[in-house]
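Make a model of the complete structure from these sequences and hints.
The numbering used here numbers the first residue of the sequence shown as 8 and each following residue consecutively.
If you're looking for bench data, these hints aren't it; they were derived computationally from the structure.
Some clues are possibly wrong.
Using C-beta positions, here's what the derived DEER-type ranges look like [to be verified]:
{"#": "1", "residue 1": "Arg96", "residue 2": "Leu65", "range": "42 to 48 Å"}
{"#": "2", "residue 1": "Arg100", "residue 2": "Asp43", "range": "28 to 34 Å"}
{"#": "3", "residue 1": "Arg100", "residue 2": "Glu60", "range": "35 to 41 Å"}
{"#": "4", "residue 1": "Asp47", "residue 2": "Gln73", "range": "20 to 26 Å"}
{"#": "5", "residue 1": "Ser72", "residue 2": "Ser32", "range": "26 to 32 Å"}
{"#": "6", "residue 1": "Arg51", "residue 2": "Arg100", "range": "39 to 45 Å"}
{"#": "7", "residue 1": "Thr102", "residue 2": "Ala66", "range": "25 to 31 Å"}
{"#": "8", "residue 1": "Leu42", "residue 2": "Gly84", "range": "16 to 22 Å"}
Ideal placement from N, C-alpha and C gives every residue a C-beta, glycine not left out.
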Amino acid sequence: MSDSTPDVAPIPPADDPEFTSLDCSAVIADVWLVLDNECDAAARARLQQHLDECPSCLAHYGIESQLKALINRKCGGDRAPDSLRDRLRVEIRKTVVVRETRYSAGE
Numbered sequence: 008m009s010d011s012t013p014d015v016a017p018i019p020p021a022d023d024p025e026f027t028s029l030d031c032s033a034v035i036a037d038v039w040l041v042l043d044n045e046c047d048a049a050a051r052a053r054l055q056q057h058l059d060e061c062p063s064c065l066a067h068y069g070i071e072s073q074l075k076a077l078i079n080r081k082c083g084g085d086r087a088p089d090s091l092r093d094r095l096r097v098e099i100r101k102t103v104v105v106r107e108t109r110y111s112a113g114e
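Here's what the structure looks like:
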């Protein structure tokens, strides 16, 4: 999130009295939770109810949904060449070994 993003409260749990009173900022902040299937069924239902009742949030949801679809379409099928993947694995292993060695020597 950027510094210009306003702070918003998370979606309240189902047993919270605020369960049914979501404001638009909370819904917009949590649109990606729904799009990425990272929320439980109760939160999804609350968000969906708000989207059904709020044209502004529904429009925002539609834009984010289209953006996600575009990203998946343009970037989802690309696979790094095997030679690049192998080189990255080697470099990652070197980095891990160096860090483990430094921590051991510094103790």
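Evaluated hints:
no.	hint	verdict
1	Arg96 x Leu65: 42 to 48 Å	holds (44 Å)
2	Arg100 x Asp43: 28 to 34 Å	holds (30 Å)
3	Arg100 x Glu60: 35 to 41 Å	violated (53 Å)
4	Asp47 x Gln73: 20 to 26 Å	holds (25 Å)
5	Ser72 x Ser32: 26 to 32 Å	violated (19 Å)
6	Arg51 x Arg100: 39 to 45 Å	holds (40 Å)
7	Thr102 x Ala66: 25 to 31 Å	violated (44 Å)
8	Leu42 x Gly84: 16 to 22 Å	holds (19 Å)
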